[in-house]
Structures are given as structure tokens and as C-alpha cells.
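> Residue numbers (the working numbering), protein chains in the order written: chain A, 1 to 465; chain B, 466 to 930.
These are calculated hints, taken from the structure and not from any lab test. Among the hints, erroneous ones may be present.
As the list claims (entries may be wrong) - Subject to a maximum C-alpha distance of 30 Å in a straight line, what follows is the list of computed DSSO-like cross-link-like pairs (lysine-lysine):
(1) B/Lys644 <-> A/Lys213
(2) B/Lys607 <-> A/Lys292
(3) B/Lys757 <-> A/Lys356
(4) A/Lys213 <-> B/Lys912
(5) B/Lys575 <-> A/Lys292
(6) B/Lys607 <-> A/Lys213
(7) A/Lys447 <-> A/Lys110
(8) A/Lys237 <-> B/Lys821
(9) A/Lys356 <-> A/Lys142
(10) A/Lys237 <-> B/Lys702
(11) B/Lys607 <-> A/Lys356
(12) B/Lys575 <-> A/Lys237
(13) B/Lys503 <-> A/Lys213
(14) B/Lys821 <-> A/Lys356
(15) B/Lys702 <-> B/Lys644
(16) B/Lys821 <-> A/Lys213
There are 2 protein chains.
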Amino acid sequence: MASLDSVLSCIDLNLDRSLGRLFDLLRIPSISTDPNYKGECRRAADYLAGDLAAIGFAASVRDTNGHPMVLARHEGPEGAPHVLFYGHYDVQPVDPIELWTSEPFEPVVKEAPDGSKRIVARGAADDKGQLMTFVEACRAFKAETGSLPCGVTILFEGEEESGSPSLLPFLEAHRDELKADAALVCDTNMWDRRTPAISTGLRGLVGEEIVIKAASRDLHSGYYGGAAANPLHILSKIVADLHDETGRVTIPGFYDGVGEVPDAVKAQWDNLGFSEQAFLGEVGLSVPAGEKGRSVLEQTWSRPTAEVNGMIGGYTGAGFKTVIAAEARAKISFRLVFDQDPAAIREAFRAFVTAKLPADCTVEFHAHGGSGAIQLPFDSPWIAAAREALTDEWPNEAAMIGMGGSIPIAGEFKHRLGMETLLVGFGNGDDAIHSPNEKYEMTSFHKGQRSWARILDRLGKGVAV
Amino acid sequence: MASLDSVLSCIDLNLDRSLGRLFDLLRIPSISTDPNYKGECRRAADYLAGDLAAIGFAASVRDTNGHPMVLARHEGPEGAPHVLFYGHYDVQPVDPIELWTSEPFEPVVKEAPDGSKRIVARGAADDKGQLMTFVEACRAFKAETGSLPCGVTILFEGEEESGSPSLLPFLEAHRDELKADAALVCDTNMWDRRTPAISTGLRGLVGEEIVIKAASRDLHSGYYGGAAANPLHILSKIVADLHDETGRVTIPGFYDGVGEVPDAVKAQWDNLGFSEQAFLGEVGLSVPAGEKGRSVLEQTWSRPTAEVNGMIGGYTGAGFKTVIAAEARAKISFRLVFDQDPAAIREAFRAFVTAKLPADCTVEFHAHGGSGAIQLPFDSPWIAAAREALTDEWPNEAAMIGMGGSIPIAGEFKHRLGMETLLVGFGNGDDAIHSPNEKYEMTSFHKGQRSWARILDRLGKGVAV
């Protein structure tokens, strides 16, 4: 315990410096989905590789067909397990920019009404702040002990927010370098501010963009209105038809492979003290809008969804223009659970849309990423070890929870490298990731570093697999 | 006839100069709906007032709460009728700009495959080219005879493309100046390239913009998807529900005041030689998409419509963003016929939308203009006089047709100033008004001037009202 104590103390003493390093990373606008920020993504990768090398990792930036990967390795003591830590340095776009109260890429520490501090910037929580908690834990171990308690490989991706197109080829090509005893991912939330969480389930994701076209050019709605097909009407009908009146998705075969959560697990969820009113109320809602007869935790953790994420067509500027647009577009994503097959869902959706097209209309489909859901065994020894360590750091025992979001890498680690993934994160539900004024609690940043130090220390003592 | 012949000959000899003047006007980007072009709208008004003054009109630019009006007056011979000519100097926005093959505000003359010439620019047909045919006819009369054959008041508006908010107050405030024996409007099409047309019916227009809001901010579709209301789904459902499976509009009371076209008129339309295949085929369509059981001429001339002109929400940039938007917007317009009441339609639509809102959702409505349809008597002596004059100029006799578009001023002239409006225009169906590469046939510009000279000459001889 002596060395762990000194590591924790080193983390406490260096909090300001670790914050400065995080700010340097947050200042890099590494928006992966927008081609204009390609150079910034590489700059973020270079920054991280340099920082890891300074700590003592064998670190390098690896090119892909898209944004580069950062890969770094540090051996552990003989006989200790070796873990793979994954994070992503890319961030979401910042629009609507006018709703930010400070510049998205000029990080600041703000004080909340309760006196707590928070780091505000795009990427503060998702995922730069989170991944740096692990890096800082490693730095403190090296500074205090000259080594790490177990072997660590670090993989930072730059395309997590844009469908991870380069990830699978990279995993396949570097299988030997990446293989470890287990994977660690820090891209998830705490259960609440006093209760850390280990996520045992994650929804998958299929993204599709569709473009409906009718006339060969935009038409005057006076001359043609009433006779010409309107792609916005057709697209709206398709979107409206995606759900029935009970909130279920109507695409044929959509629920193939969707299982039910065992009663024991539902009972554990019921005991978490989750308040639907508070969860919805925080964002101005009061009634669960999804599948009827399901709790909000079921709706977001164990049920699949179809959501329109963006839609555009015709004249959308100031004023009015009486036009019938030649085309209309929508970005639609599906959250998958259990054994739903991403490829089958994509095909079923495309068939669903195509069958609804009236005469003279065409549709283009563009795929934007696809990954299945994952479900970890509740009795994993890795989970047990992490729970011990987390419970030492936080006021409450760590909860085992589900997750509505998608972290495609977890499924790939399982299916391609045969590793379980330990999903431990220090985000909070109000972090506004993907939204204006994204923030990360200073407590998350500080105690997150301490948590990883405890987990690494605990894993270094061995895991009974 | 001697003086008319010399006027026509003056028009022929000065075609190049008249084209130069039109180009000067087309170079002014007077986009009324976009506040960035406010100064350009005034510049267009100043240009026209100056030109009319140079011809000999008492011309001035009159301020309004929006873009200014141009008002000009020239007395005619004792006992001759006095007409009010109306046109609009404002133009539509130019997007999608990337589809233009030349700059929208750098007019050029291009040769069509058949050797005919056309003027290409935003506003070439709608309405700068058309209004200048009348101005040039007046200029030729003044040059050749020193006077005009009848009294002429000219009113040029700068807000026709953005709902004409200042028009009614202006008509009310200047009722005495504007009152005339009849109104002339040049903002419509020929029947075909050899057949001039007089429009006896025009659809009205109601524009509405709606904003559907749910959560207080954009949400991550992983954390909230399945539980949170999605404004794009709600908007799509509203749009999808606007029409039933036969293409009829489902808003309660929408068809109140909609009459049927008399069989005799339908028979005249059937004899026009209109080809639905050609009309739709020209813009890449083949099947009438609107109300079932109606011909395309009925659908566009005598039936009301509900069309979405623009829709936007969520992430619409490059790539993908898994967001549930806080709001979704649509611009929706209604074309009205017969006695449909614009105010009643607006209220019925708003009630229809409000009734469909689920829990936690709100809607904002923004009005964008409203005007009823007009239907001229088929036996008007003004129409008879204009037909005579037009038939002298063109190969075929002038047709009496309906119109799908809306020219709100015609209804206002009738209801507020008690004047009939003669709708004579020289546009063609392929002019691409409101679209990229708008054009106006050189023949329309040239023979349009000659047509107005003949009509003014004919009206100067008296109309038996």
C-alpha cells in the first residue's frame, strides 16, 4: 500500500499540472467527421504520442486511411497481467455554436452553483478528459515507482465520432501488438456523483444517410404544386412510418435477435434508485416518449431504437421560398441490443425505404458505421477486481449498469481479439456531450486518475481467470 | 396605325439598348427575403425610378416599413382610360448556387441548341425582364409620339418574393394615386412559344413556418434514444398526415370555399393541347403525384395544395452526429383557389398541428404572407381588347388560361381598389424561375415590348365597360 499511497498523493499534488496538459489537448479542435479538421486530428494524435513517450511508453502515431491511431506500450512486471487501454482523441462538431457560453476549444474551469468546479470545452468529457485520467495515473506510477504495476498498451483512436472506419482494418493488422489479457475503456458515466459504475452492456449502432430525389431540379411550387412529387413529403412519410403508435419500430425483422433482460437484472436496476422524472426533467421533458410498457432504463439500456439525427431539404434560410425541392436528406441511426445483426438491420431498413418509394422517386443510401451490441458476463473476475478498487476510492460501492450509448470497440475486442472489456468511466449524465457547453467535473478528472491508479495496482496483484 | 407602326419599329431598332438597360437592372442582387440585400433592393428601386423619370414619368421611390415602392405616373389623352401597371423588382435567393452555370447577377445572352437566344440571370424572367417589356413600350411611345395613348401609373414592388408585407398598407395609404380603370400585370407565362396567354385565374398563397421543440437542448441519441421525444419524428408525422392516400389535404375545413371549374372551361382547357407527359417529363417526372382523379391542369390551376418548401433539424453537415435535436423546422405553403379564406386556412393549419403535438412538445408558428385566389370573369371587355392586340403580334390567338402560381396583388386590386387585373406575361414554362439558371427568351423580351405597345394602343381607343 505504501507505493499506491505515494502514487495517489502524487496525483493530488500535480492536479494543476495535469489540468494544464488536458487544456493543451482540448485546445486542438479534432473534429473527425468534418474534413476541414483533418490536420487538427493529426495534431491531437501527435500531442498524445509525444506525451506518452515522455512518460516512458514506446509510443508512435500510426497512419490509417482516415485519421491516425496512437499506439503506445509499456511492459509490466514478470507475471503481471497486460491490459489494453482504449480512448478516442476525436470530438463531435460544435454546432449549434451560438448556444455555447464560452469558446468550445478554449477550455475554462467554471464554478457550478454548488461551488463544485467543472471543465468546459468540446471533448472535456467525451473523451479527452476521460482518457487523460488513465494517462495521468500511469504518469504518477512512473514518477513514484519508476514502473507500472501491470503491462499497459494504449490505443487512441481518432474516428470514434465518425463511425470508426479504420478501426477494424487496424485491429486485424496489429492483432499481435494489441492482444492483451483484458481491455479497459474510459468513455462511460458514473452512476451518480458518489457512485462509480461498471457498464456490463452497451448498445450497438447502425448509421444510415438517405437521399430521396424526385424532379430533376427544384420546382416552383405554384407552377408544379399539386402535380409534382415532393421529396420532403416522401421522406416525412418514411420517417413517420418508422414507428407504430406504441413506439415500436416497424421495419420487418427489426426485432430479430432482441432478447429480454433477466428478471434478476431488472430487479437490480429497479434498486438503483433511478428517477425517470429527474432524468427526463433535467432536459425539459416529463413523459417517456419511446416504446410503451417499458421503463426508461429498459428503453435506453436494453431496447433498440430508430432515431432521425438530422433532416434537410428545400429552402431553410431566412424568409420564405415557394420551392418544391429536388431532393431531401435524412441521417438515421439505429441503436442495437443483444444479438441484432448490424448488417441485417441495414439491409432491412434499405428494403423498407425502397418499398415506400412512389413513382419517379429514387433513393441513395450512404452507410455511416455499424456495430453490434455487447453484453458482458456479470461474474467476470475483471469486473470483481475493478469493483474492489473503485469502492476503495468512492463513497458508494460500484454499480453494475447498462448503457444506452455505443462504444463499437468493445464489441470488436470481444469478437476479434477474444478480450473482455472493462468499461469504467467518470462522466456524469449532465455532461452535455455532443451538445453545447460540454463539461467534465473536476472531481471526475481528479478522482478518475486516483481510481485508475487503484485499478492498476489491484490488477497488478493478479486476476483469477 | 401609322404611329403604332413607328413605335414598333422604334422597339425593333433599339433592342440592343433595351437589353443593356435590362442588364443594368439584373446586375443588382435585389433578394428581398434576405436582410443582407436590403441595400441592393433600394438600389434597384432607385434605378427604376430614375429610368422612368428619364422617360417622362413623374416618378419617385416611396419608403415602407420594408423595401421601398417605385411609383410613377404619366397622364394620357383626355377621355382615354388610365391603367395601373404592376411589377416587382425583387428576386428569389440563388441557392443552390453550385448548380448555376454562370453568375446569377452577371447576366449573359446564351444561345439555345435551336439557335434561339435567351437572357440568363436571377430575375431575368421573374420579374425584371417582364416588367421592362412594359417600360420599353412606354419609352418607344414617348420617343415616337411624345406621349402615351392612355394614362399610365406604374407601381413596382420590392417584396413580392417575400410575402408582400408592405403592400396592403401602401395600397390603403395611396388609394387615390393608385386607382385606375384597370390593372396590368406582367408576371405570367405564354401558353407556348407561339401562343400568348391571358390568365383568368390565379391561386392564392398562405405561408407558414413551424418550429417544433421538445427537450431543452440537443441530446445524445445513445443516452436518451428510446426515451426522449424527437422533434424530427413529430414534424415528419405532421407532414405525413397533411395528405391522405388520395392526395387530398386532411386539415379540417381546408376545402371550404373550393368550387368546381365549369364543364365549359374544362373543355377549353382540354382543347389547349396540353401534354401532361411533356410537362412532367421536362423536369424528370412521369406520373402526376397530387390529388387522384384530377388532370394536371386541374391539379395546378384549380385545386388547392399543401406543400413543404423547406425542412431542417438536427445535424445536417458532413459525416454523422448521433444527436436528438431540440427542435425541427418546416416552411409550409398552401396554394388557395376560388373562395378559400387565407386567414381561415392559417388558423385551421395551426389547430391541426397543435392537436398533433405529443406531451412535452411545443410549437411556434410564424406567418409568411397570405392572399386569396382570384378568378376573373371570362367576358371582361379588357380581356377582349388585350386578346385582339396580342393576336395581332403572335402567330396564334391568345389563350385564356388558369395559373398555378400566386400574384397576391391581383386579389388586392380587386378587393381594395375595385379594379380588374389583366394578367399578360411572356414567360415560358422552362424559364426556371426560382431555380438555378433562370432565363428569359430574347423573343419574349422583344415581342413582349411590341405586345405592350399594341395593347396600350388598343386601350387608347377605348374599352366598352
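> Confirm or reject each hint.
A quick look at each hint next to the structure:
A hinted pair counts as satisfied when its Cα atoms are at most 30 Å apart, and B/Lys644 with A/Lys213 does not qualify at roughly 47 Å. Using a Cα cut-off of 30 Å, the hinted pair B/Lys607 and A/Lys292 is violated, with the two alpha carbons roughly 77 Å apart. Note on B/Lys757 and A/Lys356: the hinted pairing holds, with a Cα-Cα distance of about 18 Å set against a maximum of 30 Å. A hinted pair counts as satisfied when its Cα atoms are at most 30 Å apart, and A/Lys213 with B/Lys912 does not qualify at roughly 37 Å.
Between B/Lys575 and A/Lys292, the direct Cα distance comes to roughly 61 Å. Violation of the 30 Å bound is thereby established for this hinted pair. Among the hinted pairs, B/Lys607 with A/Lys213 is inconsistent with the structure: their alpha-carbon atoms are about 51 Å apart, more than 30 Å. For the given pair, A/Lys447 sits about 18 Å from A/Lys110 by alpha-carbon distance, which is consistent with the 30 Å threshold. At most 30 Å may separate the alpha-carbon atoms for a hinted pair to count; A/Lys237 and B/Lys821 meet this at roughly 15 Å.
Of the pairs offered as hints, the one joining A/Lys356 and A/Lys142 is violated, with about 61 Å between alpha carbons and a cut-off of 30 Å exceeded. A distance of roughly 7 Å separates the Cα atoms of A/Lys237 and B/Lys702; the hinted pair therefore holds under the 30 Å criterion. Of the pairs offered as hints, the one joining B/Lys607 and A/Lys356 is violated, with about 61 Å between alpha carbons and a cut-off of 30 Å exceeded. At most 30 Å may separate the alpha-carbon atoms for a hinted pair to count; B/Lys575 and A/Lys237 exceed this at roughly 41 Å.
Of the pairs offered as hints, the one joining B/Lys503 and A/Lys213 is violated, with about 34 Å between alpha carbons and a cut-off of 30 Å exceeded. Note on B/Lys821 and A/Lys356: the hinted pairing holds, with a Cα-Cα distance of about 23 Å set against a maximum of 30 Å. Straight-line distance between C-alpha atoms of B/Lys702 and B/Lys644 comes to about 47 Å, which puts the hinted pair past the 30 Å bound. Only pairs whose Cα atoms come within 30 Å are accepted, and B/Lys821 paired with A/Lys213 is accepted, the gap being roughly 28 Å.
Against the hints set out earlier in the document, violations occur for numbers 1, 2, 4, 5, 6, 9, 11, 12, 13 and 15.
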